[in-house]
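Participant: Take a look at the letters that make up each chain.
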Amino acid sequence: EDQVTQSPEALRLQEGESSSLNCSYTVSGLRGLFWYRQDPGKGPEFLFTLYSAGEEKEKERLKATLTKKESFLHITAPKPEDSATYLCAVRPSSGGSNYKLTFGKGTLLTVNP
Amino acid sequence: KAGVTQTPRYLIKTRGQQVTLSCSPISGHRSVSWYQQTPGQGLQFLFEYFSETQRNKGNFPGRFSGRQFSNSRSEMNVSTLELGDSALYLCASSLEGPSRGNEQFFGPGTRLTVL
Numbered sequence: 001e002d003q004v005t006q007s008p009e010a011l012r013l014q015e016g017e018s019s020s021l022n023c024s025y026t027v028s029g030l031r032g033l034f035w036y037r038q039d040p041g042k043g044p045e046f047l048f049t050l051y052s053a054g055e056e057k058e059k060e061r062l063k064a065t066l067t068k069k070e071s072f073l074h075i076t077a078p079k080p081e082d083s084a085t086y087l088c089a090v091r092p093s094s095g096g097s098n099y100k101l102t103f104g105k106g107t108l109l110t111v112n113p
Numbered sequence: 001k002a003g004v005t006q007t008p009r010y011l012i013k014t015r016g017q018q019v020t021l022s023c024s025p026i027s028g029h030r031s032v033s034w035y036q037q038t039p040g041q042g043l044q045f046l047f048e049y050f051s052e053t054q055r056n057k058g059n060f061p062g063r064f065s066g067r068q069f070s071n072s073r074s075e076m077n078v079s080t081l082e083l084g085d086s087a088l089y090l091c092a093s094s095l096e097g098p099s100r101g102n103e104q105f106f107g108p109g110t111r112l113t114v115l
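Residue numbers (the working numbering), protein chains in the order written: chain A, 1 to 113; chain B, 1 to 115.
A few of these clues could be false.
[Stated by the list, open to error] Below, simulated DSS-like cross-link-like pairs (lysine-lysine); rule was C-alpha separation at most 27 angstroms, straight line:
| # | chain 1 | residue 1 | chain 2 | residue 2 |
| --- | --- | --- | --- | --- |
| 1 | A | K105 | A | K69 |
| 2 | A | K79 | A | K105 |
| 3 | A | K68 | B | K13 |
| 4 | A | K69 | B | K57 |
| 5 | A | K59 | A | K105 |
| 6 | A | K42 | A | K59 |
| 7 | A | K57 | B | K57 |
| 8 | A | K105 | A | K42 |
| 9 | A | K105 | A | K57 |
| 10 | B | K57 | A | K105 |
| 11 | A | K68 | A | K42 |
| 12 | B | K57 | B | K13 |
In short, the hints are calculated from the structure, not lab data.
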């Protein structure tokens, strides 16, 4: 069974204090790993897709990286508006289950001014 | 381009009742997936539809069902509601389910409260 574990569960940073969120996964063949951001009371907002180990993607203050067992979301010089829950999800490549995403429980990030 | 829309946004029902939730995908998107989000379990996959066919189903009881129409709009139905069905129900659409690059885009969700 596919599994996704995110750590830490919650992270509190000061504005400008860089850090990383971790997503460890177990999947029967990885078709894609996805990062989403979710604000309270809203649906998840797509951030990145990573497909193979060594791949990196960047968007503003966020950078996502991928290895064979985990992904990191690096946040450089965060601002209060980066406060949100960050979700990681995997899509397997094998069998009939490749049409669904398995999500981690998320990391709640709070950035204080 | 309009995003994924879901109606209603909020719903209050009592145990034993049934409910129907609606989702309109992004124009051109043919795959629609449904997820249940609760504080304890996080986001859990319910089912996925493509061209009016259910292609995959998560581990939920038969009380949860869905369908997709020819215009790609989708509905999900929950019968005989239980207190534990209280959750945020999210719909997501993508161009085509399994292919590389077909990210899922989520709607704002329907908040269901069962009393």
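Participant: Check the structure against each numbered hint from earlier and tell me which ones fail, lowest number first.
Facilitator: 3, 7, 11
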